[in-house]
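There are 4 protein chains.
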Amino acid sequence: MSEPLADLRVAVLGVGLMGSYHAQALATRVKGVTVTVINDFFEPKAQEVAAAIPGARVVTDPIEAINAEDVDAVVIATPGKAHEDQVRACLQRGIPVLCEKPLTTDIASAYQLVQDELATGRTLIQVGFMRRFDAEYVQLRELIASGGLGNPLIVHCTHRNPDVPPHFDSEMMIRDSVVHEVDAVRFLLDEEITAVSVLKPTPTSSAPAGFHDPMIVILETESGRIATDEIFVRTGVAYEVRTEVVGEKGTATIGLDQNLIRTGTDGRWGGQISPGFVQRFDGAYHTELQRWADAARRGTVDGPGAWDGYAAVAVCEAGAEAVRTGQRVEVAMAKRS
Amino acid sequence: MSEPLADLRVAVLGVGLMGSYHAQALATRVKGVTVTVINDFFEPKAQEVAAAIPGARVVTDPIEAINAEDVDAVVIATPGKAHEDQVRACLQRGIPVLCEKPLTTDIASAYQLVQDELATGRTLIQVGFMRRFDAEYVQLRELIASGGLGNPLIVHCTHRNPDVPPHFDSEMMIRDSVVHEVDAVRFLLDEEITAVSVLKPTPTSSAPAGFHDPMIVILETESGRIATDEIFVRTGVAYEVRTEVVGEKGTATIGLDQNLIRTGTDGRWGGQISPGFVQRFDGAYHTELQRWADAARRGTVDGPGAWDGYAAVAVCEAGAEAVRTGQRVEVAMAKRS
Amino acid sequence: MSEPLADLRVAVLGVGLMGSYHAQALATRVKGVTVTVINDFFEPKAQEVAAAIPGARVVTDPIEAINAEDVDAVVIATPGKAHEDQVRACLQRGIPVLCEKPLTTDIASAYQLVQDELATGRTLIQVGFMRRFDAEYVQLRELIASGGLGNPLIVHCTHRNPDVPPHFDSEMMIRDSVVHEVDAVRFLLDEEITAVSVLKPTPTSSAPAGFHDPMIVILETESGRIATDEIFVRTGVAYEVRTEVVGEKGTATIGLDQNLIRTGTDGRWGGQISPGFVQRFDGAYHTELQRWADAARRGTVDGPGAWDGYAAVAVCEAGAEAVRTGQRVEVAMAKRS
Amino acid sequence: MSEPLADLRVAVLGVGLMGSYHAQALATRVKGVTVTVINDFFEPKAQEVAAAIPGARVVTDPIEAINAEDVDAVVIATPGKAHEDQVRACLQRGIPVLCEKPLTTDIASAYQLVQDELATGRTLIQVGFMRRFDAEYVQLRELIASGGLGNPLIVHCTHRNPDVPPHFDSEMMIRDSVVHEVDAVRFLLDEEITAVSVLKPTPTSSAPAGFHDPMIVILETESGRIATDEIFVRTGVAYEVRTEVVGEKGTATIGLDQNLIRTGTDGRWGGQISPGFVQRFDGAYHTELQRWADAARRGTVDGPGAWDGYAAVAVCEAGAEAVRTGQRVEVAMAKRS
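Protein chains in written order, with our numbering: chain A, 1 to 337; chain B, 1 to 337; chain C, 1 to 337; chain D, 1 to 337.
Some hints could be false.
A pair holds if it fits inside one copy or across any two, identical chains being indistinguishable in the list.
Cut-off 16 Å, straight-line C-alpha distance, at most; resulting in silico cross-link-like pairs (EDC-like, lysine to aspartate or glutamate) [claimed, not checked]:
{"hint": "1", "residue 1": "K249", "residue 2": "D266"}
{"hint": "2", "residue 1": "K81", "residue 2": "D176"}
{"hint": "3", "residue 1": "K249", "residue 2": "D163"}
{"hint": "4", "residue 1": "K200", "residue 2": "E222"}
{"hint": "5", "residue 1": "K31", "residue 2": "D7"}
I should point out that these hints are in silico values taken from the structure, not numbers from a laboratory.
Same shape as in the complex, but just chain A (with noise of 0.2 Å):
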C-alpha cells in the first residue's frame, strides 16, 4: 500500500478580500493543505487571519514568506504592482504559485515572466482566472470544441456588479472586471484578441462625474469573431455575469437566473440573482484551489498560465487605451513561441 502524499504546505500573501478568502479556503476546504504562512503589507491584518489557522504564522516579508522552509507553494493575492517580484522569486525558488490576477501591470513585466518561466523548464505560473474551473464555462468549451454550435461567431458577454467603491473608475472596469471576459472569450474561441473598440453610453446617475459606467466593450479575435462586453458595475440590482455564444448551429448561454429556490408570492414568480461574486463562483474558486494544490504537491500547477496572464495584461492594456481615446486600438503582443 501507498503512502498518502504528504500536505502542501502554503504560504499566502496579501490576506485583503480575495487573499483572506483563499486562506479561509484552503485551511479549510481544500484537501492535502496546510497554511504555513501569511504575509500582508498590513501586518495586523495579516496576524488576524494567521490566528483563526491553525498551524499558520506570519512572516512580515513576502519574498522571505516565498523563501521559507515550510513553504512548498504561494498563493499571492498582493496589490497588482507586487506581483512580478514576488512570482519571479517563486520561479527563482522553483515552486508552484497561484497569483490573482493581473499577472503584472504592463505588458513588458508580463512577457518578462513568460520567458523567465520558459527558462526555468517548468510549468509553475497559474493565473487566477477562477471561471475557467466554473461548470457552466467549462461545459460551454466543450460543447463548441464538440461543435455542437457549429463554427462560434459572436460572444455576448454581460458583467454587471452591484456597485464598487467609489475610486473604481472606466480603467479599473477594464483592467479588473473586463479582464474576466477577456480570458474567457480566449478560453472558449481558442484564440487570441487582436483589437479592442469602447462604447460609452449615458452613464448611470450613480457614477462619479467623468466615469463611464456601463460601457460596452468590442473584441475582436484572430479570425475575426467579435465578442461584446456590456460591463456595468454600479446597477443595483445585483451580480450577473451572462455568456451567450452564437454559432453557426445554434447558440448557448450560461449565466442565467437559475431556478434555485423559485417563489411565487405577491402576484410574482422569481428567484434570487446571485448577491456577489463569491456567491457566484464559489464552486469555481473551490475546483480552481483544489485542482491548484493537487498538482502543486506533484510539483507543477493545473490551469491558465503565464502566457494567459500576459495575453490578458496586453488586451486589457489596449482596452484602457480605447476608454481613453474613443478610438479602436489594437492589442501589442508577441506571438508565442
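Based on these hints, arrange chains B, C and D on the given structure of chain A.
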C-alpha cells in the same frame, strides 16, 4: 339605441406573403371589415386571393383600386418602390391607409409624404411596425415610462431568422430586418436615433460570398443612449426576437423563450422556439389590424405614423452606408416641426 | 364572386361578470356578429350593458329573447339553475347555443338535454369549457395524441385563485373550479372519469370555519390513469393553472410562469403571474367565441358539447359527495349511445 | 499558534456504488480525512477500492474494521440488513458513524439503536439523508421557517429515475426512493408523518408484471398537512427530484430545470436534465461528508440522527403495507422522549 357602424370596406394592394396574410386576417378575423378589392401587379395571384374572400373582386390598377367607390380604407403591401405613389393617392382621396414598411425607399420622398399628410390636416398614414402592438413591447414601454427601470441606458436587441432567400444581402438585412429594431428602439426610448455603426464578424458559412451575416448594428440616440442589435438571418434555428433594456435601477427583457409547452424527454427539458415571424407576431398583427380598422371607421388611424416611417428610412439609409463604408454614419434627419 | 355571409345576430342571456365580458367581446372583437338582444334577471344591468353596444336592445324575458325574430344564436351566462329551460328553448327553436358551465345543476336534467339534442338530429349545444381553445391545452392534447409522451399515466393539475367571495365553499370549489380540470382531463386523455376522492389538508387561515381550502382532488379514469388536482382558491397570490402530463416516454407541462416581461431589479429576477382568469384565458375565450360564431353562421357549433357538459355534471356530483363523506365516490354515468 | 488537528482516520464499510463513491470522495475531496480501512463482504471489490487510495488497507471483518486501532470514525454503506450490528459496534466503541439509509430494516431494531445511543450520552449516529445538505433544500427550509410562505399546507414531491434494476419492486420504491421524501418532508415541516396511502395508476409498460410504477404516495402529518409524492423509477428520461411547498402566503419550488447551459438549436431551446443522483446531489454529498468529518474530528456528528433514521423506517413500513393492502395505513411510532 344607436345603430352599429357600417363595415369598413378595404382594398388590399399587394398580396404576396404579407399582403395575403393581411387580406385573410381582415376577411376572417378583423371585426367590422369587408375586404372589397384585391390588387396585385401579378393579376393571377390577385384572382386567387380574391376568390377565397366572399365579396372581394380584383381591380387591376392600384390607383384605381384606391379610388374605387366601395373602398373606405387601404392596406398597402406592395414592394417598397410603389409605396410613395400609392400612399399619396390615399392622402389625395382622404382615406386612411396602413402601409407596410418601408414608408418609401428614400429619405426625400418619405419626408415629402410627412409634409403632404400635414397639408391634409388629418392623420391618415399608419406604417406597419407591428411590434408596437405586441403585448410584450407595450408592457416594456410602460415599464420604462413608469420609471420602473430608472433612466434606460442601453438596449440590447437580438433578431434572428432561420433563413432568407439567397438574394437577401447585408443592405436588405438593414432595411428589412434591422428596421424593426430601429422603430422598436424609438418606440421604447421615445427619442430619435442619431448615428449608426455596423460590426461584421466572421460570416456564417451558409451566407453567400461577400454577404455579412451576422452583423452587429450599433445605434446611438439623441440623449446618448446606445442600442446594440445582433442581426443574423441564416441561423438555421428558428425566429428569435429579443430585447433587453438596461436601466439605472434594473433590467427588463422580452422575447425570451416561452414555457408554452415544456417537455422533459430523452434526458432534456425544453420547448419549441417560434418558427417564424407569423407565429411570433400573429397576435400583434391581429391587434394592429383591429385597432387600425376601428380607427379607420372613424376616419383616422391608430399607430405609428408618417414621421415614424420617415425616421426609419433615414436611420436605415445611414445603416446601409455604414455597412458599405465600415464607418460610423450620422443620421440625416429634419427636426420635427 | 360570392356574397359575404350576413352577420350572426346574437342574444346574450345573463350579463354578470362572464356574460358582460362575452357581450363586449362579441360586440367589439368577434367577426361576423351583431349583438342584438341583452337579457338579465336584473333589468338595470341589462340596460347598462345594452347601452354600450350599438344595435342592442333589452328583452326582459329570457325565453322571449331566445325566440326573438332578430336572434340567430344564443349565449347563456345566467345562473346554473336557469340553464336547463333556456338551453331547451334554443333546441326547440333549432338555433345554436353557447352555454356557460354547468350545463345544468343535476345529472338527470343534463342527461335529458343530451337526449333532447339527439332528438333534433343536429348539433346545437356547446358548453363553455374555454380551456379547449387555449393554445397550450390544444398543443398538449396534440402532443399526447401524437404519441410524443408515450401512454399518459398521470396528470397533475394545479388550480389556484387569488381569492373568491366569502360564500365560496368546498362544494363550489368542486362545481365551479375543479369542473375545469374535470373537462381538461377528459379532453387530454379522451376517456371518462370513473371515481373521485378528495383530500383535505390543514385549511388556510383565511378560509371561513368549516371550509376546506385547499383540497387535493383525485380523479380515476376508465383505463386506470390518475389525475391529481390541487384546488386552492384563497392563495392571495395570483391566478395559476398548471397541468403536467406524465407519460411512459416523457412529461409535458403547460401553464408555467411565462417570460413575457422578465425583470431584474432589487436583487431578484422574475415576472408577473396572471392576476386572474380573464388575463390568463382571454385568448382562449376569444377563439372560443370566434369559432362558435363562425360555426353558428352555418347553423351548428364547434366545441365541447352536451355530452361533455353532462359528464362534467356527473363527475362534479361525485366530487361533491366525496367532499361531504370523505370517501372515494364512483361516478354514476350512462354509457354513451 | 495552535496546531492543526490530526486527520480523521475513516473506515468505509461496503464499497458498492454508494460506498466507493464515498471512499473516493473522502480520499480526494474531503479535508482532514485519511481513509485507512476498506471493508466489503466481497473482498476483491474491497481490494480494488483500497488499491486506488494511498494509505488504505483492507480489513475483512466489518466489526474488526470498526475496532481497528487506526480508525476514528466509520462510514457504513453495506446492505441494510447489516446496519444494526455495525452501527451498534460503533456505539460500543464510542466513535462517530455515518450510516447510509435505512438505519435498520425494521422498526424495533431502529428504535433500539435510538435507545442505545441515548445510553451513551453522546451523539454518534448520523443517517445519510444527504438532501438535508443540498443548498436548495436548506434554503427552502429557511424560507419556510422565516415565515416567507406563511403556514405551509401542502408539499408536492416528484421523484423520477431514468431506470432501476429489474428486481426493484413497489416496496423497494417505498423503502429506497420514497424514503428520501419522507425525510425531506419531516425536515421541511419539522413534524412527524402519521399516515400513508398509495395510489397506483396504470403502470408504465416497461415495469415488470405486477409492479406498480409509477405510484402516488400521500403522507399525512401530525398537524394535518398533506404531502404528495409521485414516484416513477423507470421514466427513461433522467433523474428529477422536485419539491413544491404551498403555503398560506405563497409557494416555493426547488429542483426545477436549471439553465446551467441553455441551448437554442434545431428550432428548440432547452437544456440537459440531471442524468442521475450523483450529478444532482454531488454537492450535497460533499457537504454532508465534509461537515460529518469536521464534526467527527471533534467526536460528534452534524446531521440527521438516529431518531430521523427510526422515523423513516416507521413511515416506510406503513408505506409498504399501504402498497400491499391498498389501504391508508397509520404510522406506528413511539413518542420522542
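Tested hints:
1. K249 to D266: Intra 41 Å, inter 8 Å, cutoff 16 Å: inter-copy only.
2. K81 to D176: So K81 and D176 pass the 16 Å test inside one copy only (13 Å; across, 52 Å).
3. K249 to D163: Between copies only: 12 Å across chains, 37 Å inside a chain, cut-off 16 Å.
4. K200 to E222: between (24 Å within a copy, 14 Å between copies)
5. K31 to D7: Both: 8 Å inside a copy, 11 Å across copies.
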